[in-house]
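Undergrad: Here are the chains, one letter per residue:
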Amino acid sequence: MMHFRKPIEGIERPQMEADVVIVGGGPAGLACALRLSQLIDAYNDQLEAANSSAPPLTKENIYVLEKAREVGQHCLSGAILDPRSMRELLPDFESEAPIDGKVVKESVYYLSRANGFKFPIVPPPLRDHGNYVISINRFVKWLGAKVEEAGITIFPGFAGSDLLFAADGVTGVRTEDKGVDKFGHPKANFEPGSEIHAKITILAEGARGSCTKQLIERFHLEDPDHSQSYGIGIKELWEIPSGRLLPGEVIYTLGYPLTTREYGGAWIYGLSNSNASTLISLGHVTGLEYEDPRIDPHHAFQSLKLHPFIRRLLDGGKMIRYGAKSLPYGGWLTMPQLAGNGWMILGDSASFLNSQRLKGIHLAIKSGMLAAETAFESLVAGDFSRNALEAYKDRVDGSWIREEMYPVRNFHQAFEHGLFEGLIRAALQQVLRGGNLGPDFKNHAGYTKLRRLDSLGQSSRGREPMLGPAKGDGKLTFDKLTDVYYSGVRHEDDQPIHLVIRDLDICNNRCVKEYGNPCQNFCPAAVYEMLDAPDATAGKQLHINFANCVHCKTCDIMDPYQIITWVPPEGGDGPNYDGM
Amino acid sequence: MIPMADQIIVVAEQREAKLNRTSFETVAAAQAIGKETGWPVEIVLPGYQMGSLPQDLAALSVDKVYSLEARALELYTSDAYVDALKLFLAQKQPKLVLFPHTYQVRDFAPRLALALERTLISDTIGYKWENGKLLFTRQMFQGKFAADVGFAGEPPWMATVQIGTYRADQVEKRAAGNAPIESVSAAEHVPGRIIPHEIFQETKQAVDLSQASVIVAIGRGIKEQKNIAVAEDLAKVLGGEVAASRPICDAGWMPLERQIGSSGQTVAPKLYIALGISGAIQHIVGMKGSRTIVAINKDAEAPIFEIADYGVVGNLFDVVPALTEEIKKAKA
Chain G
13 MMHFRKPIEG IERPQMEADV VIVGGGPAGL ACALRLSQLI DAYNDQLEAA NSSAPPLTKE
73 NIYVLEKARE VGQHCLSGAI LDPRSMRELL PDFESEAPID GKVVKESVYY LSRANGFKFP
133 IVPPPLRDHG NYVISINRFV KWLGAKVEEA GITIFPGFAG SDLLFAADGV TGVRTEDKGV
193 DKFGHPKANF EPGSEIHAKI TILAEGARGS CTKQLIERFH LEDPDHSQSY GIGIKELWEI
253 PSGRLLPGEV IYTLGYPLTT REYGGAWIYG LSNSNASTLI SLGHVTGLEY EDPRIDPHHA
313 FQSLKLHPFI RRLLDGGKMI RYGAKSLPYG GWLTMPQLAG NGWMILGDSA SFLNSQRLKG
373 IHLAIKSGML AAETAFESLV AGDFSRNALE AYKDRVDGSW IREEMYPVRN FHQAFEHGLF
433 EGLIRAALQQ VLRGGNLGPD FKNHAGYTKL RRLDSLGQSS RGREPMLGPA KGDGKLTFDK
493 LTDVYYSGVR HEDDQPIHLV IRDLDICNNR CVKEYGNPCQ NFCPAAVYEM LDAPDATAGK
553 QLHINFANCV HCKTCDIMDP YQIITWVPPE GGDGPNYDGM
Chain D
-13 MIPMADQIIV VAEQREAKLN RTSFETVAAA QAIGKETGWP VEIVLPGYQM GSLPQDLAAL
47 SVDKVYSLEA RALELYTSDA YVDALKLFLA QKQPKLVLFP HTYQVRDFAP RLALALERTL
107 ISDTIGYKWE NGKLLFTRQM FQGKFAADVG FAGEPPWMAT VQIGTYRADQ VEKRAAGNAP
167 IESVSAAEHV PGRIIPHEIF QETKQAVDLS QASVIVAIGR GIKEQKNIAV AEDLAKVLGG
227 EVAASRPICD AGWMPLERQI GSSGQTVAPK LYIALGISGA IQHIVGMKGS RTIVAINKDA
287 EAPIFEIADY GVVGNLFDVV PALTEEIKKA KA
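Same order as they appear, the protein sequences are chains G and D.
Per the numbering used here: the first sequence = residues 13 to 592.
Per the numbering used here: the second sequence = residues -13 to 318.
Heads up, a few of these hints could be off.
[Claimed, not checked] The calculated BS3-like cross-link candidates involving lysine-lysine, where the alpha carbons are at most 27 Å apart (straight line), are:
id	chain 1	residue 1	chain 2	residue 2
1	D	209	G	194
2	G	483	D	284
3	G	552	D	284
[As the list claims (entries may be wrong)] Which residues of chain G face chain D? A partial, calculated answer using Cβ under 8 Å:
id	residue
4	53
5	57
6	230
7	231
8	494
9	557
Since the hints were derived computationally from the structure, they do not count as laboratory data.
Glycine included, every Cβ here is placed at the ideal spot set by N, Cα and C.
Only chain G is shown next, with the shape it has when bound in the complex (with noise of 0.2 Å):
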């Protein structure tokens, strides 16, 4: 019998009052914590030099809640630093952040099944000199400690579970309750969830946040013609012996192991060199709008790296951490409302990223700051309606972000039909400045072109090397279970299962004949697995391995039933993606 995680009933919780509550340290919430700290400083400081009368502005009721243990341990990307918004946030930031090095040399290949062709000329999208190569978990935790030498209060591991809601807008957070057993009992460490109650809260929990989702599924904040894409990111970090890749050095793929009609490809970024090895970030994305349910995006990654392009480089390396994340790439058109009652949202959670050039960490930084912009104004005047946080979508609008996303606001939906058609359309966009021949493309819901199992016919049609999770060498591949013991994930394993399934009905009776339970090919991390039942009508029953669980979302998202909910488990649990 599976129990899944809700928060325990009838029991008193501790309140808190606040007037910030910033949901996710990442780079957006962080962002945000420091650019508010930066206004109220000014302000107090003009106060008291005007000598006047009116209260300076506290800092002490604004909060950051992280699920990870420590700020950044559940951060992954690429990654690459466009430095524009952080050199607003913090000139000269250069100096001090912890940063790999610039772009030196960059390349775009088309990989056959057996071959790379280069690009002649990198697409200017791609171009990405001028920009940074960082380590996302380190420049967080940098970030991080800024905000917390700011006199912001950041309580890592503590999940933001569930929305305080009022009639028309939020009115806080409430925490996860903590010392839970698998049954949902109370352990001898049980400690309730908080409930904080605050003027303000901002949604910054990354892809498919799980407080986002309620509040969009609420106030149906979502435009049912622009429902918002993802894709699936999974990254090794891998020590190869040194003069392959230079430092600075980024090389982008498309095609193999993908057949023209999935979306996606891989990055290759050469961080640092030491003794006789470079260290680099290797990573494959799998756009989960994908037909075949049994495409397994682990086993894509997987056999991009048996490719002879990839393989020269990997050969006699090691492979040293490993995780997988999703990340929305709808672009402008699938922007959730950003605004209302109470609430903001910012980064990928509102989908803040450009699918055409791959990034979104500059854009999640800048949405942060101007929605501190917002909520500054908003203490000064004591009004935290609609109406004054509403002020805050008028700044997306009016700033680069907008000038950026909005010329490419279809290149991601222009790919629906396959590959070729889709850079085909791009180019066109590119002369029409972002528009088509014809209105805006629409967006359906990823999930929704999965196709049965029986409607799939004999033809694999190439995609061979994809199908059913990946058997692993043990040397250059590696099995969904090995990769997982290299996120270094962790999860107390008494506490009820976080992945909550609504009907385990259709599991074990449905989607086992209309899918084949497909959560056990686009999970990354094994944590779905049908085992086998004599008693069960189909012969085997879904089980769920909780603690393996990476974060990724990508079963919230993917699940062809929508029956999945990922809800943060106790507060600290997860991976641990040191130097990712």
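Assemble chain D onto chain G, guided by the hints.
TA: For chain D alone, kept in the frame of chain G given last:
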């Protein structure tokens, strides 16, 4: 100014008139370090009215045993232990203080290091003595890397030794006679923040697998809960404990405290018998230090065979009962 004596002091552990076996492991570690560095080894045993326990330690090849006594040390509290050991160590100023990495030590040693403003390297799995510099080896990234760590500050330096790194039977005993025992009265600690209550065991089956010398572990190959009896019979004739890999505990067939691996216990028994365990890396890291590993699995390609000293490719339901019978016969 107290003259610096270059000695190693091992903080031994006892409870209810019984020495924790890991104390001997730590003495073995200290003896090894002492041999290379030339530093004499001494032991301190905190407690109250400990009977013959100090004598048991004095039979080991060490220079001195301190029996550090105070009523407040009768039942363990971190505050009383920190108070007593802080004064004792500040007075002795040893070069190195070694602890077994037990639950109790995990609780008080960091506080003690903080109180003394000294460095503590925890959960070490070895040491290096290089050009007059003492380094300890620690596992990082759940055992993926081993890092050599040195002490930055002044002595006394402190380190805890991972259970199973040294074997209790490696400890050298004195050829004859006993080491001198010095009774030291610790200042009476005024109880404040922590009041110990009666010691209880959470469940009857509560078990400290790190103390078992034989472990029979089961994995998914056991198929059904009722089949666990097969493993229990084998464990019984060997005088060992039954343990499991994650899926078994996950299914609730065995209590979580019997789970071996990265999310459970780390063990290093003399004999580890893996029944129907495939050997995912998550399990291996919890038992790879075992002295002899026997694997029984029907899948010849199971990774467990890569680290097994003896492997049987076969159906465990055929092999294990036969093995149990043979052992019974041999013992009879």
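Undergrad: All hints are to be evaluated individually against the structure, with a verdict given for each.
TA: Here's how the hints hold up against the structure:
no., hint, in the structure
1, 209/D - 194/G, "holds (22 Å)"
2, 483/G - 284/D, "holds (18 Å)"
3, 552/G - 284/D, "holds (22 Å)"
4, 53, "violated (33 Å)"
5, 57, "violated (38 Å)"
6, 230, "violated (34 Å)"
7, 231, "violated (38 Å)"
8, 494, "holds (5 Å)"
9, 557, "holds (7 Å)"
In summary, the numbered hints that this structure violates are 4, 5, 6, 7.
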